[in-house]
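Number of protein chains: 2
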Amino acid sequence: MAADFRILAQDAGSQARAGVLTVAHGEIRTPAFVPLATKGSVRGLTPQEVRDLGFDMVLGNTFHLHLDPGDDLIARQGGLHRFMRWDGPIITDSGGFQVFSMGHGTVADEIKGRAPNGPSRSGRVLSIEEDGVRYRGYTDGRERFMAPETSMEIQGNLASDIALVFDECTPFHVSREYTARSTERTHRWLDRCLTWHDEHGPEGQIVYGIVQGGVYEDLRIESAQAVAASACDGIAIGGSLGAEKAQMYEVVRWTTEVLPAHKPRHLLGIGEIDDLVAGIGHGIDTFDCAMPTRLGRHGMALIPDPDRRWRVDITAGALKDSDEPLMEGCPCPACAIGWSRGYLRYMAKNRELTAMRMLTVHNLAFVQRTVARLRDAIISGTFDRAAAEILAGVAP
Amino acid sequence: MAADFRILAQDAGSQARAGVLTVAHGEIRTPAFVPLATKGSVRGLTPQEVRDLGFDMVLGNTFHLHLDPGDDLIARQGGLHRFMRWDGPIITDSGGFQVFSMGHGTVADEIKGRAPNGPSRSGRVLSIEEDGVRYRGYTDGRERFMAPETSMEIQGNLASDIALVFDECTPFHVSREYTARSTERTHRWLDRCLTWHDEHGPEGQIVYGIVQGGVYEDLRIESAQAVAASACDGIAIGGSLGAEKAQMYEVVRWTTEVLPAHKPRHLLGIGEIDDLVAGIGHGIDTFDCAMPTRLGRHGMALIPDPDRRWRVDITAGALKDSDEPLMEGCPCPACAIGWSRGYLRYMAKNRELTAMRMLTVHNLAFVQRTVARLRDAIISGTFDRAAAEILAGVAP
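Chains as they are written, first to last, in full-length UniProt numbering: chain A, 1 to 396; chain B, 1 to 396.
Since the hints were derived computationally from the structure, they do not count as laboratory data.
Remember, predicted model here, so these are calculated numbers, not experimental data.
From the three backbone atoms N, C-alpha and C, an ideal C-beta is built for every residue, glycine too.
Where hints are given, some of them may not hold.
[Stated by the list, open to error] Covered stretches of chain A (in silico footprint by chain B; criterion: 3 or more residues with CB under 8 Å from a CB of chain B, positions within the stretch not fixed):
| hint | region |
| --- | --- |
| 1 | 11 to 17 |
| 2 | 68 to 78 |
| 3 | 154 to 162 |
| 4 | 175 to 183 |
| 5 | 346 to 359 |
| 6 | 377 to 384 |
[Stated by the list, open to error] Just a sample of chain A residues kept apart from chain B, beta carbon distances all over 10 Å, derived:
| hint | residue |
| --- | --- |
| 7 | GLY44 |
| 8 | THR46 |
| 9 | PRO47 |
| 10 | GLY54 |
| 11 | ALA147 |
| 12 | THR195 |
| 13 | GLU199 |
| 14 | PRO202 |
| 15 | GLN225 |
| 16 | GLU250 |
| 17 | PRO260 |
| 18 | ARG297 |
| 19 | PRO306 |
[What the hints assert, rightly or not] As a list, the in silico SDA-like pairs of lysine to any residue whose alpha-carbon atoms are at most 25 Å apart:
| hint | chain 1 | residue 1 | chain 2 | residue 2 |
| --- | --- | --- | --- | --- |
| 20 | B | LYS320 | A | GLY78 |
| 21 | B | LYS349 | A | ASN61 |
| 22 | A | LYS39 | B | ASP68 |
| 23 | A | LYS349 | B | GLU143 |
| 24 | A | LYS349 | B | GLY70 |
| 25 | B | LYS39 | A | LYS39 |
| 26 | B | LYS320 | A | ASN61 |
| 27 | A | LYS349 | B | ARG82 |
| 28 | B | LYS320 | A | ASP140 |
| 29 | A | LYS39 | B | ASP313 |
| 30 | A | LYS349 | B | LYS39 |
| 31 | B | LYS39 | A | ASP323 |
| 32 | A | LYS349 | B | ARG85 |
| 33 | A | LYS349 | B | ARG253 |
| 34 | A | LYS349 | B | THR139 |
| 35 | A | LYS320 | B | ARG351 |
| 36 | A | LYS349 | B | ARG351 |
| 37 | A | LYS349 | B | ASP313 |
| 38 | A | LYS320 | B | LYS349 |
| 39 | A | LYS349 | B | GLN77 |
| 40 | A | LYS349 | B | ALA336 |
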């Protein structure tokens, strides 16, 4: 089956399009940013607050929720929507990225340009086999096995609106040969996922395939064609997108150019402000990224300043006495309170809950306004101008 | 000067009274619970959320705010109200409790029945002199001196509505002789605080004296009379209130029986549900306590169950699969979301921000409903019945 995806407007000068994706729990206005509800919450916020910020969908984490509290427990409580009391659409990743991040150790670094996360320290991949991945879970050290069918079963238990197929997320440093072999196996896993889902998948859940192929144009194109030819409802782009942004955008372009227009496209784990502009320009419909929420918890705020990568470190000593607002003229609920940068600096430095929470709110609101503005611009035929303005540092 | 304190109703069968205390930033309906905004926020909440829960006043911490970010910085930003964007009444403690908690090491334990807190580990009292206290701050290890005048100056910089005089907070384990000498010094410090405040205190700030005297009836009565005879606007009860609740209530009773009716009375650091009932019955007007907020951050929720000290540990393994609500029929904003105990258990166990925040909301709402119900009962002449019901576990 195909997803219920209506394209409302197609930009004339780029691949950008605006649409409405309808899934079991409602509509997602695209392009859309999807906040992470990794472990059953958008950290610090209530479901209603996420909705009030304008988000239609959140992303749940298959791997983490499987290990704790367990997808079986969540199923007994009526599925992830009821468990977390979010009644809108949910997309779940397949767990591939998290499993393989543990194994390669530096995959997460390579792909995301950051320090290894918790799981990579305490969990471990024991072997990657044709059938699936043997690994040690970080919660209890127990040996576990995740096959494509396991991932789909977990996502069935979570009862998300959109499930992602299980893939091997190849890092940047591996050879072309490894990438090619891995991508082929990912395609076989795609078929197994779709077969399992046909028989056992929950009512109303749709499935996205995942394009791999590393930074190699021919492999990306082959992979995009293989995924597009499958019975999947939508298409996600995963894996290593290159060492720098220009290469990332090229990889995305190679992929979307050969994808059919009518299937929705998700770009996995990408969501910096300039990446959103470029991704939307290359025809991406949905994005997920830890950036706005993680930055908020670490005392960083998004501001319309491309020269500083759209961010300011609120914990910086220079802001100690600042009586300026977090962001002049910002309409978000956090800025509406009127706190000075000096107050937020003091609070964020001490990791006070209120600061972490309200910086998260500010950052999510900033990203949401950015994407909403680009969507409006696509519909009104002014995408080029809106994109240029955002990249020039005009506040969304 | 006397505080603007109107007593609206006096219970016939107890010392309980209901009133309205008007200070520079507005009215406090008494009896009232005062949530802790120790370091410039009620942790996890915005000022508006605290207001929406029904609280009229918050308590800022003189000692912590002096060390970080500094009361001079807060003064440059327009005072604590503007700094934290709370436009209602603020009471600031004097810093005495925190300074002396560092010194005696186990003072906090003795008084509060809990493990020593952060400051007691890294800060240190170097000497207690007639002039004040020499100590090492926990933020920078620098030697500092706090005299009664210093405390009042800090509270002047914070520009709270109600300042507390600097006192020595005597612990439970010291001798009667030490308690007597310390209490006399606290009275001399009271005079110095009032003298300083007369000349230098900010416009509109009122001052509460503090009754000490440990667990000795004659010392408590002497202290209450000394404080009552001073020019202070209100009276706080501090120090060791005994080893168990019966003794605590007795100490409070000795004190309030000799206090003049027209001055508002604050009970420092006390606020368990049964303590609120007893304290109000003994004529206390305002209470502050870390209990509801600290419990929330540690995964504990208040419930109407006296046999379990009105609390449930939401992180308990037994709740793993619970589909029950946090508290049946609870009208608070956290319970309105509808999360199961199983969900909250999972979230609280992982110290997820949303859980810590919403348990804090639930606990504060529970305490506020308890106090509001007792207040209404005093006014309608049914205090006895309301008190008995709450102590019997009827939900407020």
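Each hint, compared with the structure:
1. Counting residues of the region 11 to 17 of chain A whose C-beta lies closer than 8 Å to any C-beta of chain B gives 0; at least three are required, and the coverage claim is violated.
2. Taking a C-beta to C-beta cut-off of 8 Å, the region 68 to 78 of chain A contributes 5 residues in contact with chain B, enough for the three needed, and the coverage statement holds.
3. Counting residues of the region 154 to 162 of chain A whose C-beta sits closer than 8 Å to any C-beta of chain B gives 0, which falls short of three, so the coverage hint is violated.
4. Given as covered by chain B, the region 175 to 183 of chain A fails the check, having 0 residues with a CB less than 8 Å from a CB of that chain where 3 are the minimum.
5. Coverage of the region 346 to 359 of chain A by chain B holds in this model, with 10 residues showing a Cβ closer than 8 Å to a Cβ of that chain against a need of three.
6. Only when three residues or more bring their CB closer than 8 Å to a CB of chain B does the claim for the region 377 to 384 of chain A stand; here the count is 0, and the claim is violated.
7. With a least beta-carbon separation of about 4 Å from chain B, A/GLY44 fails to lie farther than 10 Å from that chain, contradicting its non-interface assignment.
8. The Cβ of A/THR46 sits about 6 Å from the closest Cβ of chain B, inside the 10 Å cut-off, so the non-interface label is violated.
9. Separation of A/PRO47 from chain B is inadequate, the least Cβ-Cβ distance of about 7 Å not exceeding the 10 Å criterion.
10. Every C-beta of chain B lies more than 10 Å from that of A/GLY54, the closest at about 19 Å, which supports listing it as non-interface.
11. Even its closest Cβ contact with chain B, about 25 Å, leaves A/ALA147 beyond 10 Å, as expected for a residue assigned away from the interface.
12. With 10 Å as the threshold on Cβ separation, the claim that A/THR195 sits away from chain B holds: the shortest Cβ distance comes to roughly 32 Å.
13. Against the 10 Å criterion, A/GLU199 stays outside the reach of chain B, whose nearest CB is about 28 Å from its own CB.
14. The Cβ of A/PRO202 lies farther than 10 Å from every Cβ of chain B, with a closest approach of about 20 Å, so its non-interface assignment holds.
15. Separation of A/GLN225 from chain B is adequate, the least Cβ-Cβ distance of about 41 Å exceeding the 10 Å criterion.
16. Once the 10 Å rule is applied to beta carbons, A/GLU250 is consistent with being away from chain B; the minimum gap is 38 Å.
17. Every CB of chain B is more than 10 Å from the CB of A/PRO260 (nearest about 39 Å), matching its label as outside the interface.
18. For A/ARG297, the requirement that its beta carbon stay farther than 10 Å from each beta carbon of chain B is not met, with the minimum near 8 Å.
19. No beta-carbon of chain B comes within 10 Å of the beta-carbon of A/PRO306; the shortest separation is about 30 Å.
20. A hinted pair counts as satisfied when its Cα atoms are at most 25 Å apart, and B/LYS320 with A/GLY78 qualifies at roughly 14 Å.
21. A C-alpha spacing of about 18 Å is found between B/LYS349 and A/ASN61, which places the hinted pair at or below 25 Å, so the restraint holds.
22. A C-alpha spacing of about 33 Å is found between A/LYS39 and B/ASP68, which places the hinted pair above 25 Å, so the restraint is violated.
23. Restraint check for A/LYS349 and B/GLU143: satisfied, since their Cα atoms lie roughly 23 Å apart, inside the 25 Å limit.
24. The straight-line distance between the Cα atoms of A/LYS349 and B/GLY70 is roughly 14 Å, inside the 25 Å bound, and the hint therefore holds.
25. For the proposed pair B/LYS39 and A/LYS39, the alpha carbon gap of about 29 Å is over 25 Å, so the pair is violated.
26. A C-alpha spacing of about 19 Å is found between B/LYS320 and A/ASN61, which places the hinted pair at or below 25 Å, so the restraint holds.
27. This hinted pair checks out: A/LYS349 and B/ARG82 have alpha carbons roughly 19 Å apart, not beyond 25 Å.
28. Straight-line distance between C-alpha atoms of B/LYS320 and A/ASP140 comes to about 16 Å, which keeps the hinted pair within the 25 Å bound.
29. Simply put, A/LYS39 and B/ASP313 have alpha-carbon atoms about 21 Å apart, close enough for the 25 Å limit, and the pair holds.
30. Straight-line distance between C-alpha atoms of A/LYS349 and B/LYS39 comes to about 12 Å, which keeps the hinted pair within the 25 Å bound.
31. Between the alpha carbons of B/LYS39 and A/ASP323 the distance comes to roughly 18 Å, so the proposed pair stays at or under 25 Å and holds.
32. Straight-line distance between C-alpha atoms of A/LYS349 and B/ARG85 comes to about 18 Å, which keeps the hinted pair within the 25 Å bound.
33. With a C-alpha separation of about 43 Å, the suggested pairing of A/LYS349 with B/ARG253 is violated against the 25 Å cut-off.
34. Between A/LYS349 and B/THR139 the alpha-carbon distance is near 13 Å, which keeps this suggested pair within the 25 Å criterion.
35. A hinted pair counts as satisfied when its Cα atoms are at most 25 Å apart, and A/LYS320 with B/ARG351 does not qualify at roughly 29 Å.
36. Distance hint between A/LYS349 and B/ARG351 is fulfilled; the C-alpha atoms sit about 19 Å from each other, no more than 25 Å.
37. Using a Cα cut-off of 25 Å, the hinted pair A/LYS349 and B/ASP313 is violated, with the two alpha carbons roughly 30 Å apart.
38. Only pairs whose Cα atoms come within 25 Å are accepted, and A/LYS320 paired with B/LYS349 is rejected, the gap being roughly 34 Å.
39. Taken as a hint, the A/LYS349 and B/GLN77 pair is honoured in the structure, with Cα atoms around 18 Å apart against an allowance of 25 Å.
40. About 32 Å separates the Cα atoms of A/LYS349 and B/ALA336, which puts this hinted pair outside 25 Å; it is violated.
The structure fails hints 1, 3, 4, 6, 7, 8, 9, 18, 22, 25, 33, 35, 37, 38, 40 (numbered hints given earlier, in ascending order).
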